[in-house]
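> Make a model of the complete structure from these sequences and hints.
Number of protein chains: 2
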Amino acid sequence: MHLELTMKKYTIGIDLGGTNTKIALVGDSCDIIKREQFSTKLYKTKEDLVFAISGVIKKMISGYSLKESQISGIGIGAPGLVDSDRGIVHCLTNIPGWENVNLKNLLQRKIHFETYIDNDVNLMALAESKFGAAKGAKEVFCVTLGTGVGGGIVIDGKIYRGYTQSAGEIGHVSINSNGPKCNCGNKGCIESYIGNNAIVENVVARIKSGTPSILKELTGGQLDKITPHMITQAAKKGDKLSIQIWAIVAEYLSVGLVMVVNVFNPQIIVIGGGIAEAGKFLFDPLRKKVRENAIAVSSKAVHIVKAKLGNDAGIIGAAELVRMQKTRKVL
Amino acid sequence: MHLELTMKKYTIGIDLGGTNTKIALVGDSCDIIKREQFSTKLYKTKEDLVFAISGVIKKMISGYSLKESQISGIGIGAPGLVDSDRGIVHCLTNIPGWENVNLKNLLQRKIHFETYIDNDVNLMALAESKFGAAKGAKEVFCVTLGTGVGGGIVIDGKIYRGYTQSAGEIGHVSINSNGPKCNCGNKGCIESYIGNNAIVENVVARIKSGTPSILKELTGGQLDKITPHMITQAAKKGDKLSIQIWAIVAEYLSVGLVMVVNVFNPQIIVIGGGIAEAGKFLFDPLRKKVRENAIAVSSKAVHIVKAKLGNDAGIIGAAELVRMQKTRKVL
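Chains as they are written, first to last, in our numbering: chain A, 12 to 342; chain B, 12 to 342.
Hint data in this document are derived by calculation from the structure and do not stem from the laboratory.
Since the structure is predicted, the reported quantities are computational estimates derived from the model, not experimental observations.
It is possible that some hints are incorrect.
Intra- or inter-copy, both count: the list cannot distinguish identical chains.
To be verified - Here are the simulated lysine-lysine pairs, PhoX-like style, with alpha carbons at most 25 Å apart:
no., residue 1, residue 2
1, Lys192, Lys311
2, Lys69, Lys20
3, Lys299, Lys192
4, Lys198, Lys311
5, Lys248, Lys227
6, Lys141, Lys169
7, Lys70, Lys311
Written as structure tokens, this is what we have:
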């Protein structure tokens, strides 16, 4: 019995994404020991997906000859509206068929470890605040910029979820009631202006209407090949249109961040996701706009920085969620 | 010694306002035993004001034959930017001469009770969440509407202040960079559209440019006599202009509250201050606008209600601030 207690503990961190599902065996200090990933789209039903997840976990545990008692639990980050108290996924952006699914129970029936669920951006925020760009900060706001625009809040090292667990949602703030229709049903949401697709469409439309850009040459005229990454590459080469596009993205995003600064008054705002790779082309005009439009005392103090943990933030945050719950129970 | 421990404890709650300073002797369950108030403007220097405050407190204590050991401490709410950790008032709206004053030390030198300082709206939020309209709610946002527009946040029964202790500041969100100059230095802040003066000026301008209103008769043609209270009275009598004015106020305020709902996702928003007396003329269009423009799941869930504690919220919140600090120390 004494031996058992002193044996090392591990957690399983899962980042359930619209494109890929990442699963990791994570050590005591949130170090990733082993990681696996597969295409989420390979599995047509949620039962198949959960079966695949439990298979990977079992293989990992046996691969390292671990005892079941050494696994503290499983943490899962899901890209959508989640009830973390009950382990229910209300809906997942870009993964159809997930309406009010008790993912906690579904997985626990396949594999008998205690399971904790949260929104993926909340877990990214938790990871960045514990081990990443916001380490040591008390009031942390995280944003992910990619296909969608998400936000997560951490206060004093704990995720702040809000009354309906939808706090931090700056992507679905409508800034134009006559704007483009958003996936959420509303019109003119920030996400509908600065999601990956919107950015690319904006660039393509400007090139088609005659704005000169080296993106035309870079893609050999195949404008549908343009990606946010290419826009950043073009900006680095001095392409005026690309630089301008990132300034426009910064301006839209600043509307959301000004709200965050005024209401939540964070010490640090961490920006992650593919779009954050635009670096200074995004961050310089963004910092300027927030400084101009948010309350002076709050906007002068806030740091706006790039995320540090990259693609690992989700699995590290998921593992940390388990660790925190376990620590709370011991206390 | 044993007798001393079982004796009843009291706190002093102070609401330091631009117009009046209210001081109360408050019982164990935040019941007001005795209250005094005087015009803040009677005292030209901060030393004189602090001397007057300490005089009132001493008189209260001796009036009830209390021992000094029965007073747990003094709580003060101040209308401005405050460092509650160090007891410093950075600046007070509408009370000149208060730049970076250590009010805690200043008062403690005159009267030897432990003193705690906070922003007045934070203390109103604390009072409403503990004893008022938001009793039992976990995530509470309070707004005061009067000369200025302030906001305060309470999470799990504790004041959330933010990194620079300026969280919840929805009054100084700029909604028009070419708008009227605000006291804070910025242009087009929400406060500059819906502060008391702005509301009255808006009504007067409309009447002067020919919009019919019974306010003209109610004031005997002396339009400078119009108050927000009179606008509500006129609205109750069916005055179209007055009803329209409250709808306009609701629309401006909704811009701030939509931010609050999206970022903070509160269970309840409590609205206090003189303007809240407009009742349904303000609340009906306000609830509608927030529902329309904030994220669906958050805006459907949030309750928007009138404050309950009225003018007592400040002193009750100040007394509760002391009680909470004392409880924390005991634990």
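> Does each hint hold? Answer for all of them.
Hints, verified against the model:
In this assembly of identical chains, lysine 192 and lysine 311 lie within 25 Å of each other by CA distance solely across copies; the values are 20 Å between and 34 Å within a copy. In this assembly of identical chains, lysine 69 and lysine 20 lie within 25 Å of each other by CA distance solely inside one copy; the values are 16 Å within and 60 Å between copies. In the homo-oligomer, the alpha carbons of lysine 299 and lysine 192 lie at most 25 Å apart only across protomers (21 Å), although the nearest pairing inside one protomer, at 29 Å, exceeds that limit. Taking the closest pair of Cα atoms, lysine 198 and lysine 311 come within 25 Å of each other only across two copies (17 Å); inside a single copy the shortest separation is 32 Å, beyond that limit.
For a Cα distance limit of 25 Å, the shortest separation of lysine 248 from lysine 227 inside one copy, 13 Å, qualifies, whereas the shortest one across copies, 66 Å, does not. Taking the shortest Cα distances, lysine 141 and lysine 169 sit within 25 Å of each other both inside one copy (10 Å) and across copies (23 Å). Neither within a single protomer nor between protomers do lysine 70 and lysine 311 lie at most 25 Å apart by alpha-carbon distance, with minima of 50 Å and 44 Å respectively.
Hint violations for this structure: number 7 only, all remaining hints satisfied.
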